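J.: Just so you know, the sequences run in chain order S and F. Going by full-length UniProt numbering, the first sequence opens with residue 1, and the numbers climb by one from there. Going by full-length UniProt numbering, the second sequence opens with residue 1, and the numbers climb by one from there.
Accuracy of the hints is not assured; some may be wrong.
In silico EDC-like cross-links for lysine to aspartate or glutamate, where the CA-CA straight-line distance does not exceed 20 Å [unchecked claim]:
(1) Lys169/F to Glu292/S
(2) Lys282/F to Glu350/F
(3) Lys359/F to Glu53/F
(4) Lys282/F to Asp375/F
(5) Lys169/F to Glu144/S
(6) Lys377/F to Asp297/F
(7) Lys358/F to Asp375/F
(8) Lys282/F to Glu383/F
(9) Lys282/F to Asp352/F
(10) Lys185/S to Asp206/S
(11) Lys242/F to Glu147/S
(12) Lys291/F to Asp89/F
(13) Lys242/F to Glu151/S
(14) Lys242/F to Glu144/S
(15) Lys359/F to Asp375/F
(16) Lys296/F to Glu135/S
(17) Lys282/F to Glu53/F
(18) Lys101/S to Asp206/S
With beta-carbon atoms standing in for the labels, derived distance ranges [claimed, not checked]:
(19) Gln316/S to Arg127/F: 53 to 61 Å
(20) Gln311/S to Gly267/F: 52 to 60 Å
(21) Leu172/S to Arg127/F: 52 to 60 Å
(22) Asp145/S to Thr348/F: 26 to 34 Å
Think of the hints as simulated: they come from the structure by calculation, not from any bench. Owing to the predicted nature of the structure, the values given are computational and were not obtained by experimental measurement. Note that the Cβ used here is the ideal one computed from N, Cα and C, for glycine as well.
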Amino acid sequence: MLEQILALLPQVIFDGFILGFVYAMVALGYTMVYGVLELINFAHSEIFMIGAVVGVEVFRYLAPHVDSGFLLLLLALVLGGAVAGVTAILVERFAYRPLRKRGTTNRLVPLITAIGVSFILQDLVRLVEGLWHNEFFLRMRTVEDLEGSVELFGGAIFAQTKSFILMGVSILMLLGLTYLVNRTKLGVAIRAVAQDLSTASLMGIDPDRIISRTFLIGGSLGGVAGVLFALQYTTITPYVGFLPGLKAFTAAVLGGIGNIPGAMLGGLVLGQLENFFGTYLPILTNGNFGTEYKDVVAFLILILILLLRPQGLLGQVVKEKV
Amino acid sequence: MRKIGLLVAGVAALGMALGQANVIKIATQSPLSGPQAALGEQIKLGAELAVEEAKAKFKALGFDLVLVPYDDQANPDVGVANANRIINDPDILGVVGHLNSGVAIPSSEVYARVNLVMVSPANTNPRVTDRRLPNVNRICGRDDVQGPVGAEYAFNNLKVKNVFIIHDKTAYGQGLAEEFRKRLEAMGGRAVAFVGTEETSNFVPIINQIRGARPVPELIYFGGIYSQIGPFVKQLRERGLKTRLMGGDGLDSSEFVRLAGAQNAAGTFYTTVAGPVSAFPKARAVAQRFKQRYGKDMEGFGIYAYDSAQVILTALEAAIKANGGRKPTREQVSQEVRKVKLEGLTGTIEFDDKGDNKKAKYFVMQVASTGNWADNKLIRVIEMAAPGSR
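Could you build all of it, start to finish, from the sequences and the hints given here?
T.: Take a look at the structure:
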């Protein structure tokens, strides 16, 4: 048994990173919005889905005209990120901001709104795709450039070009975001708003603009993650965002919600856990528990971690704002 | 969307609830939206074609024949809600449906309350007819024969001993996979693993299990629907695994090739209870009319739905005659269906005491490399009665 586990281990860890980076990028959207608004933006999983759908459509329409698969992917990433980011801004502008302006203090109200927006976006995409192509399952077109494969370490890891691209793009985006938040004026403003919205506005920061930017950044990251997800797993439906979204949210909490490096770490940990148990559960339990229990076990471990560190892996215990 | 659709259907049903003396309606229930719409639409269109072609005949008998399609969304709750609406429309005298056994089983219990006849073109779970409801019939085969047919072909013809079995945790998929496993093990083969999954996008953990499985599986059997098997086989082949694949009638849709990609899908074996047009010489002319009328190819379930509707129409005609030209009751139609002996497109249709077709056909097929579903190779046809049939 041990031999069987070890033989697969490099592959499992590699695949865990693929999933983990997707979760990490989506988790950032949750954590940033939570940071500035203390709102769990459940519509974010649909922003992710919209990115994936845009990716599929770009591949469908531009693949015959663009020779290089890499250029095509770049276009898809840019467009997917842009459309998703703009959708996120619109959601904030028309769903959350009006609530904020009315001075709603009940935190459940924006939360319920977010869930509502999520349903609207799902069925809107389903309607559009139904009318446009009469398709429910959208299939990412296969582009040869991105499909090449190599075996590393004497066949221990089977990897595809697109897997490396996914990891590379994710790392770049995560580094870029870290730079943006820590070293730029916009980043300072975002952190200021996150710390104290009303004081920040006294310091000459327009909170609405910063919140809007935060949604743009988080949404674009989610959209890019969606395109990469579509490239990797190839079949997309209007409801595909739900589970990855929920898990990314969990990852954000695991890392310490509101904490940016925490969301990245949480995403990677969750991706590894899920992939590890998905692969090994039947082997470890002698076939009694199948792959379908991977989430149960992964979430059990999360509960344990959160029992020991309720603030999350990298979260800090903050005093309630007075 | 769903809610609005339901509302519209509800209002429409309300409007029809009054009942007219010279209108006879036949309902279809199958998924017309969502993941399994491609198969469900075949059922609707197949039945619609049969009904349209019979309109003139029923006009001569003094009745307007109407087909009313319902969308069960492959969801048991929606199926039952539709069924309640259907039994409240007194003009509906027969139902062609469903696609999914998990939906057909609870819905048929609603029809049974008013003895409304259901003729199924596609439900293969044994429980559909094993409950011995007098109104439930099917013209297709059963999973407790389909699974073993697949197992026997794999073991005897493909010479496969070790099989990695996956299922989708539904009444259909898991049931089929279990029947496959039973026969395989009875013959001396071995299920290397028996894994259930509801996953729709990330099949990597299962693929890694297959890679690491010892003894090395020579075949993967997937009891499920094309919407899952398509992306699964795509990821499987992309990751360089060439293990042969077999499935049941759930992958019998051209959507399978689209989702998997032609080169990944090529060579996949599947058993089906609804053979392709090429297996039925008599279906060719109908398939042409189908193509002309709807602009798409008639697939297996379309043919079976056409025959299911024929069964109901034949019974209706007999019931009208027996009733002295007046509109028959649901009970009468239901009884007439059990007496039908019909030479349909798919062969002789005659029901046993449970409502199973006395001799159902089972097909072993192989997906062609051309990407065209109609090119799939018919390997063998097996005719078999349901277990315990009288």
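J.: Does the Cβ distance between glutamine 311/S and glycine 267/F fall inside 52 to 60 Å?
T.: holds (54 Å)
J.: Is 53 to 61 Å right for how far apart the beta carbons of glutamine 316/S and arginine 127/F are?
T.: holds (56 Å)
J.: Given the hint that lysine 242/F pairs with glutamate 144/S, does the C-alpha gap stay at or below 20 Å?
T.: holds (19 Å)
J.: Can you confirm whether the C-alpha distance between lysine 291/F and aspartate 89/F stays at or below 20 Å?
T.: violated (31 Å)
J.: Starting from the range 26 to 34 Å, see whether the pair aspartate 145/S and threonine 348/F falls in it by beta-carbon distance.
T.: Hint violated: Cβ distance 55 Å, outside 26 to 34 Å.
J.: Does lysine 359/F pair with glutamate 53/F here, judged by a C-alpha cut-off of 20 Å?
T.: This hinted pair is violated, its Cα atoms lying about 26 Å apart.
J.: Within a Cα-Cα threshold of 20 Å, do lysine 282/F and aspartate 352/F meet the stated pairing?
T.: Given pair lysine 282/F, aspartate 352/F is violated - Cα atoms ~24 Å apart, limit 20 Å.
J.: Check whether the Cα positions of lysine 359/F and aspartate 375/F lie no farther apart than 20 Å.
T.: violated (26 Å)
J.: Is the straight-line distance between the alpha-carbon of lysine 242/F and that of glutamate 151/S 20 Å or less?
T.: holds (16 Å)
J.: When you check the alpha-carbon spacing of lysine 377/F and aspartate 297/F, does it fall within 20 Å?
T.: holds (17 Å)
J.: Would you check the hint for lysine 185/S and aspartate 206/S, treating anything up to 20 Å between C-alpha atoms as holding?
T.: holds (13 Å)
J.: Between the alpha carbons of lysine 282/F and aspartate 375/F, is the straight-line distance 20 Å or under?
T.: The given pair, whose Cα atoms are some 18 Å apart, holds under the 20 Å limit.
In summary, the structure is inconsistent with hints 3, 5, 7, 9, 12, 15, 22 from the numbered list given earlier, while agreeing with the others.
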